[in-house]
Structures are given as structure tokens and as C-alpha cells.
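Chemist: The lines below spell out each chain.
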Amino acid sequence: MSEEKKEREPLFSPKNLKLIKDPLSINNPITVQVLGICSALAVTAKLKPAIVMAISVMVVLAVSNVVISLLRNGIPPRIRIIVQLVVIATMVILVDQVLKAFVYDVSKQLSVFVGLIITNCIIMGRLEAFAMGNKPWPAFLDGIGNALGYGIILIIVAFFREFLGSGTIFDVHVIPQGFYDFGYENNGLMILPPMALITVGVIIWVQRYRNRDLIEDH
Amino acid sequence: MQEIFNIFIKSIFIDNMIFAYFLGMCSYLAVSKTVDTSFGLGLAVTFVLGITVPVDYLLNEYILKPGAMAWLDEGFADVDLSFLSFILFIAIIASMVQLVEMVVEKFSPALYASLGIFLPLIAVNCAILGGSLFMQERDYQNVAEATSFGLGSGIGFFLAIIGIAAIREKIRYSNVPPALRGLGITFIITGLMGIAFMSFLGIKL
Numbered sequence: 001m002s003e004e005k006k007e008r009e010p011l012f013s014p015k016n017l018k019l020i021k022d023p024l025s026i027n028n029p030i031t032v033q034v035l036g037i038c039s040a041l042a043v044t045a046k047l048k049p050a051i052v053m054a055i056s057v058m059v060v061l062a063v064s065n066v067v068i069s070l071l072r073n074g075i076p077p078r079i080r081i082i083v084q085l086v087v088i089a090t091m092v093i094l095v096d097q098v099l100k101a102f103v104y105d106v107s108k109q110l111s112v113f114v115g116l117i118i119t120n121c122i123i124m125g126r127l128e129a130f131a132m133g134n135k136p137w138p139a140f141l142d143g144i145g146n147a148l149g150y151g152i153i154l155i156i157v158a159f160f161r162e163f164l165g166s167g168t169i170f171d172v173h174v175i176p177q178g179f180y181d182f183g184y185e186n187n188g189l190m191i192l193p194p195m196a197l198i199t200v201g202v203i204i205w206v207q208r209y210r211n212r213d214l215i216e217d218h
Numbered sequence: 001m002q003e004i005f006n007i008f009i010k011s012i013f014i015d016n017m018i019f020a021y022f023l024g025m026c027s028y029l030a031v032s033k034t035v036d037t038s039f040g041l042g043l044a045v046t047f048v049l050g051i052t053v054p055v056d057y058l059l060n061e062y063i064l065k066p067g068a069m070a071w072l073d074e075g076f077a078d079v080d081l082s083f084l085s086f087i088l089f090i091a092i093i094a095s096m097v098q099l100v101e102m103v104v105e106k107f108s109p110a111l112y113a114s115l116g117i118f119l120p121l122i123a124v125n126c127a128i129l130g131g132s133l134f135m136q137e138r139d140y141q142n143v144a145e146a147t148s149f150g151l152g153s154g155i156g157f158f159l160a161i162i163g164i165a166a167i168r169e170k171i172r173y174s175n176v177p178p179a180l181r182g183l184g185i186t187f188i189i190t191g192l193m194g195i196a197f198m199s200f201l202g203i204k205l
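Heads up: the protein sequence lines correspond to chains R and W, in order. Position 127 (the first sequence) corresponds to 127 in our numbering; numbering is contiguous. Position 55 (the second sequence) corresponds to 55 in our numbering; numbering is contiguous.
Same shape as in the complex, but just chain R:
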């Protein structure tokens, strides 16, 4: 009994915690692994859809990581992509139906981007790189960690775009009326798609400036 306990890793061993922490900073899925950019940018004009998107990706990624990890020894390597796509697509359909039922207005705003979680490279990337070779519990933590790393970037971008673009946070006005009387104006450019790219570019700049190891040659 005691021997068996010795062999088992505690649930939150340092190695497992690393799985959650790394994607938040030095191995961030968006700014370092360059995965899942498509959906990250399109939903960040306001905070609310960004958060809903982050949660949806977390659910899909964590569950499909666990499912693939459970099936990993039974999947023939030749057809693994199809198996992974089926698992992901099933999860995305479930999430889409739940969103339509409970937060219909946000689901309308996200439009096709919920469906595009299927081809979100974060999910395929993590299934291929991690879940196919690891046990369910680390795979679950890896899914949560990467989804958190993805969500953090989404929330930072959405915060700046909503704050500077509409002067609101969660649709509540935070810039006092006095500023507007004084001549302050909302920067309408922040709402438009190209500014999402530039905001992510600046986030990457700040992150790499603080963490010199990540700098590329060219």
C-alpha cells in the first residue's frame, strides 16, 4: 500500500504545476507557439465575447485532451487526424448548442467563430503534441493551462480595445464625462480589425523585451 503510494505522483506535483504555469508565460500558445491566432483576434473588440470564447476553448480543449489521452493506445496512427477532428467537432457542437441556449446574444456576436474552434490550431496542436503521448490527468492540466494562456492574451487585447475604443469595460462607461467635455474622444480605430493585430504585436514586444530568451534571430 505504502509502496504504491510512493510511486504515485501527487496530483499537483511540481511537474504537473509546470504544465499549467508554462503556457501562461514562457510557452504561451499565442505569443510563443503561434497557435490559434485566427479566433483570438476576431472576438476581441469587447470583453464579454472574449471571455465567453476563452471559456468555450477551455472546455473543448480540456475535454478533448482527456478523451484523446484515454484513447491514445487504441487509435491507429494513420487515421488519428480524423479521430481527433471527430472528437473536437462533437465537443464544439455541444458548446455551440449550450451557447445558443443560454447566451444567445453573445453567440450571435461570435457567429462563425464558435464553429471555427474546430480548426483552432491550439486544439489540434495540443492533441498531437501532448495528449497522444501522456496520461489523462497531465493531459487535462495541459489543456487547462494552454486555454488559460490563450484566454489571458484574449482578455488583455479585449481590455485595451474596449477601453480605448469605446471607453467602456463590460459595457459600463469608465471614462468620466468631464474628459469628453475637455475634448477627449474614443479612438474608433481600436474597434476595427487591424488594431487587434497591432495590439498583439505590442504584447509580443513587451513580453520579449522582458524575457530575452524568446527573441528570434529574424
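These are computed hints drawn from the structure, not numbers from a lab. On a predicted model such as this, the values are computed, not experimentally measured, just so you know. Any given hint could turn out to be false.
Mimicking DSS-like on lysine-lysine, the simulated pairs with C-alpha atoms at most 25 Å apart in a straight line are [as the list claims (entries may be wrong)]:
| no. | chain 1 | residue 1 | chain 2 | residue 2 |
| --- | --- | --- | --- | --- |
| 1 | R | LYS15 | R | LYS135 |
| 2 | R | LYS135 | R | LYS18 |
| 3 | W | LYS65 | R | LYS108 |
| 4 | R | LYS100 | W | LYS33 |
| 5 | R | LYS100 | R | LYS48 |
| 6 | W | LYS10 | R | LYS108 |
| 7 | W | LYS170 | W | LYS10 |
| 8 | R | LYS21 | R | LYS108 |
| 9 | W | LYS204 | W | LYS33 |
Fit chain W to the supplied structure of chain R, relying on the hints for placement.
Modeler: Frame of chain R, contents of chain W only:
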């Protein structure tokens, strides 16, 4: 006829896949280091979009839409299968990509060699599934409109990726701040290109 042409121009310039919707960003960033490889990827994406969008249109029109099965039997008139569209679209895309790969390999080995590794990668490119989902959302009238939308989106992607690849080849010789090199500057350039493309928004079609 004019409507078809309008959709074509609109999907290339105004609703550009990369600059207006960020679809296909992952491969756009990963493969745009040289003009040659991005030419191959752009060609493959145009090719596959031009085929999958009309096929998915027919699937949506005759099987998935609410009441679409009425042509089969009166009893099916109130069947709504639209919740299956994600899984069926992705299945169609994966199998079409496989089919296209086999046909191209058989009939044009030269093209196959130049498209090479990009074809299988395309199955999980967001631009392809995005094209089908936008087609479903925008409710095009007939197959010709759907085809011109698919081809137009592909050409829009093609233009964007060739443009960024050309800029990246040149920027190698410039003095970019170290922390911004590589990914960071690519993002910012894409943003600036997007702002330039927004000038097309003024065109009324």
C-alpha cells in the same frame, strides 16, 4: 451575372479572409517566410476553397437547412439538421482535400510537387472551414454565387500571403528592435496592411 462578379470582388478586397476576419492566420504566419512557399500555399488554398465551398453549399441546401430534405419526401419537410453542419463540413473538407491530392498526383505531378506538403495541412486551415461557415451564414442564392465567393476568398488569401512574404524577405535587411524581430513585426505589418485594405471599404457593390 453582375451579382456574381460583385461577390467575387467583394470577397477578394473588402471581406478579405486575412485582413477583415483573420482566418487562416496560423498558416499565414508560419509559411510566409519566403515568397516561393507562400505561393504554393496560396495556390493550394484557392484551389481547395474553390471546390469545398460549392460542395458544402449543395450539402447545406439539400440536406442540412431546415426543411431542406423536402425534395426527398413530404414527411421530411420539418427536419432541421443544421446542428450537424460543423461535423459534416469538416468531414467534406478532409475528404475533398484527400481527393484533390489524389487527382492532382495522378494528372499533374508537377503541380503536386509544388503544392507538396501544403495540401494535407489545408484540412485544418481555418480559412477553409471559415469559408463554408460564412457561405452558410450569408445565405447565397445559387451555386455560382457560392463558387465565386469561394474562389474570391482564396485569391484574397493568396494576395495577402504573397504580400507579407515579400515584405518579410526584405525586412531581413532592416534594423528591427531585437524584441520585435520575427513574430512581433509580422503582426504589426499585417495590421498596417489591414488598415491599407480598409480603404476598399468605400467601394459600394
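Chemist: All the hints need checking, so say for each whether the structure fits it.
Modeler: Hint check results:
{"no.": "1", "hint": "R/LYS15 <-> R/LYS135", "in the structure": "holds (13 Å)"}
{"no.": "2", "hint": "R/LYS135 <-> R/LYS18", "in the structure": "holds (15 Å)"}
{"no.": "3", "hint": "W/LYS65 <-> R/LYS108", "in the structure": "holds (18 Å)"}
{"no.": "4", "hint": "R/LYS100 <-> W/LYS33", "in the structure": "violated (40 Å)"}
{"no.": "5", "hint": "R/LYS100 <-> R/LYS48", "in the structure": "holds (15 Å)"}
{"no.": "6", "hint": "W/LYS10 <-> R/LYS108", "in the structure": "holds (23 Å)"}
{"no.": "7", "hint": "W/LYS170 <-> W/LYS10", "in the structure": "violated (30 Å)"}
{"no.": "8", "hint": "R/LYS21 <-> R/LYS108", "in the structure": "violated (33 Å)"}
{"no.": "9", "hint": "W/LYS204 <-> W/LYS33", "in the structure": "violated (35 Å)"}
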